[in-house]
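Heads up: the sequence lines are chains A and B, in that order. So for the first sequence, my numbering puts the first residue at 5; every next one is plus one. So for the second sequence, my numbering puts the first residue at 64; every next one is plus one.
Keep in mind the hints are simulated off the structure, nothing from the lab. Treat the hints with care, as some may be off.
[Said to hold, decoys possible] Computed Cβ-Cβ distance ranges for the label pairs, DEER-style:
id, chain 1, residue 1, chain 2, residue 2, range
1, A, G204, B, K107, 57 to 63 Å
2, B, R113, A, A61, 46 to 52 Å
3, A, I220, B, I322, 31 to 37 Å
4, B, I322, A, I177, 30 to 36 Å
5, B, T85, A, D151, 49 to 55 Å
For clarity, every value in this text was computed on a predicted model and none was experimentally measured. Ideal placement from N, C-alpha and C gives every residue a C-beta, glycine not left out.
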Amino acid sequence: MSTGTPSRPLGRLRHVGEEFATSWNRIGGQARFYAETLAATPEAVTRYRTEFLRLIAQMGLGSGALAVVGGTVAIVGFLTMTTGALVAVQGYNQLASVGFEALTGFASAFFNVRLIVPGTTSVALSATIGAGATAQLGAMRINEEIDALEVIGIRSVAYLAATRVVAGVVVVIPLYCIAVMMAFLAARFGTTVIYGQGSGVYDHYFDTFLSPTDLIWSFFQCVAMTVVIMMVHTYYGFTASGGPAGVGEAVGRAVRTSMVVASVEIVMISLAVYGQTGNFNLAG
Amino acid sequence: MAFVGTSVVAGDAMVMSAQTATLPVRAVGGFFAMSLDTFVLMFKRPFAWREYVIQTWFVARVSVVPALMLTMPYSVLLVFTFNILLNEFGAVDFSGTGAAVGTVNQIGPIVTVLVVSGAGATAMCADLGARTIRDELDALRVMGINPIQALVVPRVLAATTVALALSATVIIVGLAGAFMFCVFIQNVSPGAFISGLTLLTGFGDVVVSLTKATLFGLAAGLIACYKGVYVDGGPAGVGNAVNETVVFTFMVLFAINVIVTAVGIQFTVS
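With the rest of the complex left out, here is chain A:
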């Protein structure tokens, strides 16, 4: 004897509707989390100062196996060094093929600041401090430590998420300086020492075309990116579920999402700042 239950009316339509509603609710939940995090930042700095300072130290130096290879500072420096060296490798040779290799110093001053350093820094940040935050928060969520925090009366969003966002912004200031320095030095070393261009030629074009305004905008791009990257990563850590595998998956999903969001953000800020005219004069 089988008692089949009659299917509900409009089953398939209802299924599509429910799926749409779920994804819509997820976007809403995400937006609310970000608003809460941003609203909680003053509280995070004033009330949870110890945790905030601890996070700054931890993010700068990294933890576990990452601290062994030199921490976030060394990783960011290494990544921008390799991409800065591309200016020498690709730029010098490509310019030499059309007879303009003297302009490699200009390429370093122009492309490093506007394109290479923001792009590489965004990737490096989401891999190091971002993914680290997701892994920590995800493990806390799985072990029900976040619920425990709420029970003993600590505001978990302010204590865990907002502190991380502010700490990320503080840490990115020295990191950006290291990133730019490494990119410039790698480009100069590759061009003058390895490919043998006169350092006077290189320095002349580099100094002529290095614009401090561009550097400041590039720095603000990096700070804006850090805020977004840290918010995305803390959100995915906060909402991790599904045991050990869930934490790993959350880290992966957070890295993909934050890389895409950060790259869109770089383009938007670049288009807004440099605009149609380009804010650039060949005359210097």
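Please build the complex by placing chain B on the supplied structure of chain A, with the hints as guidance.
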């Protein structure tokens, strides 16, 4: 045991500190040992075809959408920055040349790196790490199945296959994005853009670019599998392993990129 207690504790502490000090060295050694095992077992029957197909599909599924979403902004940013320069020279007709040089030689391989390690390798490491934590790999060994042959070899090959296929897709999409941006937003003539594409970029550049992508896939697959197989410490351990996978793959792949670019450019630029 009481009378030797202190010396045992002191000895333990020394062994512990020696273990901490040699940790990176042993990790590198373990990684190369596993890579060697993988290369040897790659040619040994039976090959895990089923796992290979499933993994290729899995890596492709998690990578394709982020790859396309990441290529568009980066190639638009590249042509935008490049066109500022070309506008100043009055040579905006060559924007296709700049787009081709940047996209084929750098944006294509680098976006493939980011996606293969950020999307593919993380998912792979999380999956393998979860299996290791639940002792499933030990269970395989008990049944006489070598987990390297059954799980690692197909995953490494899957990552390599997908990276190769992905880099081609990324280059096409990047060039299409650059075309749209230049022609419809910056009013470059479409014919000039297309004819400029092959001015400096030729067959050699495409070969170098695809070689890079293959190496990236191989390295990312090996690192992800190593981190996944040798994970410890519960849920936090898996999260940290995935984090370390991302960082180490980025570092290795960016280094490979510079080296292969420097070697390849000797052959492609005359």
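Against the structure, the hints:
1. G204(A) <-> K107(B): 57 to 63 Å: 59 Å, holds
2. R113(B) <-> A61(A): 46 to 52 Å: 48 Å, holds
3. I220(A) <-> I322(B): 31 to 37 Å: 33 Å, holds
4. I322(B) <-> I177(A): 30 to 36 Å: Holds: the Cβ-Cβ distance is about 31 Å, inside 30 to 36 Å.
5. T85(B) <-> D151(A): 49 to 55 Å: Distance hint for T85(B), D151(A) is violated at roughly 39 Å.
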